[in-house]
Every structure is written in C-alpha cells, then in structure tokens.
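Visitor: Chain order of the listed sequences is A and B.
Numbering of the first sequence is given in the numbering used here, commencing with residue 1 and proceeding in unit increments.
Numbering of the second sequence is given in the numbering used here, commencing with residue 1 and proceeding in unit increments.
Treat each hint with caution, since some may be false.
No copy is singled out in the list; a pair is fine if it fits within one copy or between any two copies.
As the list claims (entries may be wrong) - For lysine to any residue, the following SDA-like pairs were computed, each having C-alpha atoms within a straight-line distance of at most 20 Å:
#	residue 1	residue 2
1	397	276
2	340	354
3	397	258
4	350	87
5	29	252
6	340	312
7	61	332
I should point out that these hints are in silico values taken from the structure, not numbers from a laboratory.
Number of protein chains: 2
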Amino acid sequence: MKIIDGGVCAAQGFVAGGVHCGIRKNRTKKDLALIYSECVASAATVYTTNLVKGAPLTVTKKHIENGKAQAVICNSGNANTCNADGIEIAEKMSELIANELRISADDIVVASTGVIGQPLNIAPIASGIPALVASLSKDGCDAAAEGIMTTDTVKKEIAVEFEIGGKICRIGGIAKGSGMIHPNMATMLVFITTDAAISSEMLKRALSTDISSTFNMVSVDGDTSTNDMVTVLANGMAGNTEIVAEGEDFDTFMKALNTVTVHLCRMIAGDGEGATKLLECKVNGAKTEQIAKTVAKSVICSSLLKAAMFGADANWGRVLCAIGYSGADVDVNKVDVSFKSIKGEIAVCKNGAGIDFSEEIAKEILLEREIEILVGLNDGNGSAVAWGCDLTYDYVKINGDYRT
Amino acid sequence: MKIIDGGVCAAQGFVAGGVHCGIRKNRTKKDLALIYSECVASAATVYTTNLVKGAPLTVTKKHIENGKAQAVICNSGNANTCNADGIEIAEKMSELIANELRISADDIVVASTGVIGQPLNIAPIASGIPALVASLSKDGCDAAAEGIMTTDTVKKEIAVEFEIGGKICRIGGIAKGSGMIHPNMATMLVFITTDAAISSEMLKRALSTDISSTFNMVSVDGDTSTNDMVTVLANGMAGNTEIVAEGEDFDTFMKALNTVTVHLCRMIAGDGEGATKLLECKVNGAKTEQIAKTVAKSVICSSLLKAAMFGADANWGRVLCAIGYSGADVDVNKVDVSFKSIKGEIAVCKNGAGIDFSEEIAKEILLEREIEILVGLNDGNGSAVAWGCDLTYDYVKINGDYRT
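So here's chain A without its partners, still in its complex pose (with noise of 0.2 Å):
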C-alpha cells in the first residue's frame, strides 16, 4: 500500500470540483462542493447520533436506503439544520443537482455545515450549479475541499493505492472538521470514494466497523454535531473481483479504508478549533479494548489537561484525574504515564503516583506540534488510541463571536 495523490480524484471514474456560490458573503472562500462518479457506485453513510439531526440526513438516507449513490452535494456556511423547511430545501438541492448531472435524484448524498438555525436560501445554490458542474474534473479535490470547510484552517484529503486480487485499487477521502466535534457514530463531514468493487453491503460492515476505532475517538470539544456524516462510495472500476464476504482482500480494504481514515482522523484532531497541537493518547494495558477506548477518550476530553498541553504543562494529575472519573473499570493504583514527542518520552507517573522527572526536558518535549500521552493501566491486554487537540485562547476567540 502506498500513500498517493489525489484525494476524492484518486481513484478511477471519480471527479470533484467546488465554486463560490453565495451562500458565504466572502466571495473569496468556496462553499458548493461536488464530487461524482462515472457509474453508479455502492454507498454507506454513518450519521450522528444527536436527536437534532440536520435536514440533509434525513434526505441522504432516504436516497441511499437501496445502498446506491452516484454523486455528492455539499454546502457550507449554513447547516440547513433546525430550520421549519429543511427537508424541502435539501430534496430541492437534490434534485437540481440531479437534473444538472442527468442522473437520478434519489442517487444524491446531500450534506451541510455551517450555521445551525438560520434559514437556507436555495437561490444561490440554484443559480451556482451550472458553475459547479463545470468545475467537476479530476484536479477537483482541492476545489471540493475548500468547497466544505468552514474554521477549518487547512485542507484535509490523502489517498492510498492497494491490490486486491492483481488488480490496482484506490481509495482517498476529504474532510472537514473544526469545532462541534466529539463523534458517536460518525464525525463531522468526511467524503470517501474508492474504485474497488465492494457489495453495498460489505462497504457499510467495512465503515461501521473502522469508526469505532477512528471517529468515534476524535474529540474536539466534546459537542457532538447535528451534522456529523461519513460517505463511502466504491464504484467498482478497479475491475477485481467484487467483494461479497469476509476474507482476505475485505482485510486489504479495511487496511486501506483505517489508513485514510486515521490520517483523516489526526488532520480533524491537529486542526481543532483554535488549536496548537495534535494530542494522541494512546492507551495499553486494559482490561478490555472498551476499558482502553473510555479512558483514552477521558483523557483526551478533559478541558484541563488540554488546556496544560497548550502551556507546555507536563500536568500528568489531569491525566490520572480523568482516568478516575471516566466511569472505566481501572485499578488507578497501577496506572503508568509518559509523554513523548520527536523530541523524546518521559515517564511522570508509575503506579498511580508521581516520580522524579525533569520539568526541563518534559517541557521541551512537550513544546512540540504533536504529543503522545501514553497510559499504561497494567490490567490486561486492551488497548486504543484517541485523537484530540489543545484548548487555546483561539478556541475561545473562534466560539465567542462565531455568528458574526
């Protein structure tokens, strides 16, 4: 497997583009993001789990109730979500995008970020899809990714190459994510197509199964989205043989599915509202695989050890306190934790109590852009890994005057 370029475009009979519509009064920042595909493809969608649901989930999973997608629509500046005309909005994005391309509108994943509450105007989309359909090309995937962010502050796409019974296959993937991120079920807006053949079926094993390992552990801010979506297309263009069932090559595709997804994961994570740092907490020693995902993603959450990652603060009692509260079944008497970085690891804490360590190298460890937090419980053979970022005067800045 290796990594490539390309993103959504990577793989065979997938092409992306993106325009300014209107939707955002900067006439510099894109906000209609398209990406589509030659042939109808097999498609999987995780949504939130938030009961306020944004109005383009409800119609996604409707279209892709027979497992089938063609193209996928996306707008930010607005999350056409808590709005009385929601639903009519998102079906009519559907359907003009639909006509535009001369495909079926029920072939349509829809999607919004943005604003929640404020009612979207379906003029400028409208007006902008003749534009957007030009865009499509196989250079598209920056224009589409740009088209979806919102505080995001880089772009975030990767792509993979990989074999599957002789046959040259891809997969790549874009996402957006900033803030209001603390997945259960899915994370924010990410975009995956690949030309493997994949039986819808089998794709949405395939997705259900890789996030609980990789969204599901990103917490930006603890605030689980009303928008939060994951789409898989696969459109089979690889030419292997289509995968129907458990086996060897489904295990090369999950392989290459969690590697974009990780690398998605750590870009959503690196690029959290306001942040300065990467944080990983990667937990051994547990009792069971669940035990090591609560306190990882504990750890990860807690406003006070993130805060002390943005001060460079090897803190490590935040870290022992939010093993204790994550309600995880953990013996804090055995708990060992070290920091590292490219610059080194340092162990702070054995048996749940502190140890001498240098504040000079730990500092300098922890001055780096991303930190490894790692929990050793001793208990067992579980383990995991979650994702998260430093709390920063820029998180409050961001979140303080958002609307304006």
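Fit chain B to the supplied structure of chain A, relying on the hints for placement.
Guide: Just chain B now, kept in the frame of chain A:
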C-alpha cells in the same frame, strides 16, 4: 428565614480561623483553615465519585464512620493526592490538630486542595498549627474561607437564620471551587455548620437529598475532581428538639440547608476559572425530573455554548445541539429556548426552529453578568436548574500554566 452574617461561625458554638503556614510560597495567601465546634457534632459528608481519591477523603471517611466530628482542618496549595505517603500525612495532620485542640483525632475532618501528585510536606503544617488554633474566633469565617481558596477570586460564604419548634437555629457555609469542577456526588470543598439539633442519620439524608439538585448540578469545566467533598456539622446548641425523623422540622431544616447550598453553587459557578458570567439553565416541561437534569447539565457543559455566552452571542443552535446529544428522551421538535437577564427576556427558538428576534436586544441581555438560559420541553412537568459559567481566554491562561 433570613440571611445573616457570620458564615460558618454564625451557628452557636462554632469558631473558625486561618493562617499562612508555608505550603504556598506567597506569604500573603492563607493556606491552612480550621473550623471548630465547642462540642462534638453530628457529621455527614459526601465525596467525589472519581476513582482517584485524595488521601484526606479516605482518612475523613474513617473518622466520621460513627457520624460524629468536632473540627475541620483544610490546607490549600496541595491536594495530597496520588502520593505514596498521602494517608500517613493526612493522619498526621489530624493527630497534630487534635492534640493542639485536646480532642480525639477520630473527630477530625481533614481536607486538602491544590496540585495533584506532589508530596505534601507536614513540616509547615506542624509548625503552623499553634497559630492556627490561636486564630480561632467568632469572626474567623473570612480567614477560614480564604485559607481554602486556590484559583478562586472571591470568598464564598453565607448563613441563614430560621426557626424550629420556637428555637432560633442558624446554618452557614463556606466553599472553594473554581476549576476541575463537575461534581458527581459532591463538589470541591464545602463546609457547612449548624446549631440545629439533628441526628447523624437525618443529617446524612438531608445532605444526600440536597446535593442531587445543588452541587451535582454545577459544572465549570466537566472535570470531576479527585478531592470533592461537602461536610455538614450540626452541634445541636440551638436547643431545638432533635430532628430524628422526617416531618415539618426536617422540611424546615432542608429548606434552610438548600438556601445555603444554592447560594454557594451560584458563587462557585459564577467564580469558575476565568469566568465573566454566571450561567443558569432552567429546564421546564420535561417528561421526568431526571430528563430535565440531564438536559440542563448538558447545556451548561457545552464548550461551544459557554464560548458563545462569553461573546454575548445568542447562538441558540448550540443549545439545541447540546439538548440533542444529551442522551435524554426529548422531542426536539417541541423545544422552546429563551435568554434572560436583568435587562429582559428574549425568545429565540420555538418548536425546535429559529424565530425572528432582535440581535441588538439579545446582545444587550447577554452582556449582563448573570444569564438565564430557559428551555421549555413542552413534554411534561419535570424541571431542573444547572449552574455553570462562560469559557474565556482566562480559563485557558489559568490552566495553561497552573503549576508554575
């Protein structure tokens, strides 16, 4: 019932004091506090549910197993938590103060607050104890309240006077708590004294009933401390017939206790680390009281909403979002939301969707120091209140470099 001066010294037979003994480097900041009753009192305490527990909690639990105590000693500057010799030090603190007061070490409630995982040196405490006992006075509540403060910016105390069976009784309390506040069974440190005569058993029942709708409904940052603790001492010196069962007298006592605890909750939330605003989320119309509590707490804990309140931004979509992911059984299409302060009240969401409102008036309301977030679920008669604060630059500043 009327509010009176005196805090923990308002009740007959109670004196208090505080000194700087040297745990903290800053010599102008008191770091040791003492509350003393002339006679042995009924005692009830609730503790943190964090698996990582401060050593003083373990020692206190043992001491008040018999439902009796006579004095409370508490240091700030060091939590005496995650230290190998923690229990030994907490026992030593108890013995030293018991000897100086000439009472039994078993009648001492011991508490500590401050940084986790740094050994607590007994020497400054031992040398400070004579001065601490000498400082005891009827006017000593301020000194004690100051002695338990960490990042708190204001002293938190209150007392009320009420009548049971023709006898005047008093109940008063002090609290500290500013960060790592998201109690589950108790909150940071709260010490309450009363001269009402009440059995240990009924005192325990009163306290555990009360905290479920008071301290357990406060959150500053979602981090449940390792040292949370609420203690009530009742020395019976008011001379009322001892309360040994439920009934009118018990109800009167509960009402007085609740006045003290709600006041302290509001003070703790309003003085949350870096806070500029007290947030009070009042939920009505829930199917059950538990649903109302879950919703109120989820709203008050949302980092996004907290940041929006800091910016006086009427971003009600974040209230809906937090209700949606709370896990509570709610019909999101029936939810109404208003914001309220002394400047007035403004409705912003009706039946789960936005309504037209004046952003200028909303801003004026939200610029105040105390904000009510009113949530109507229109689904039953359950109601609840939760207290929190805004998320500010100063929270990040305080916690980015707490130890240095």
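Visitor: Indicate, hint by hint, whether the structure satisfies it.
Guide: Against the structure, the hints:
| no. | hint | result |
| --- | --- | --- |
| 1 | 397 with 276 | both (14 Å within a copy, 14 Å between copies) |
| 2 | 340 with 354 | within (17 Å within a copy, 46 Å between copies) |
| 3 | 397 with 258 | neither (34 Å within a copy, 37 Å between copies) |
| 4 | 350 with 87 | between (54 Å within a copy, 18 Å between copies) |
| 5 | 29 with 252 | neither (38 Å within a copy, 63 Å between copies) |
| 6 | 340 with 312 | within (12 Å within a copy, 39 Å between copies) |
| 7 | 61 with 332 | between (43 Å within a copy, 19 Å between copies) |
Checked against the numbered hints above, the structure violates hints 3, 5; every other hint is satisfied.
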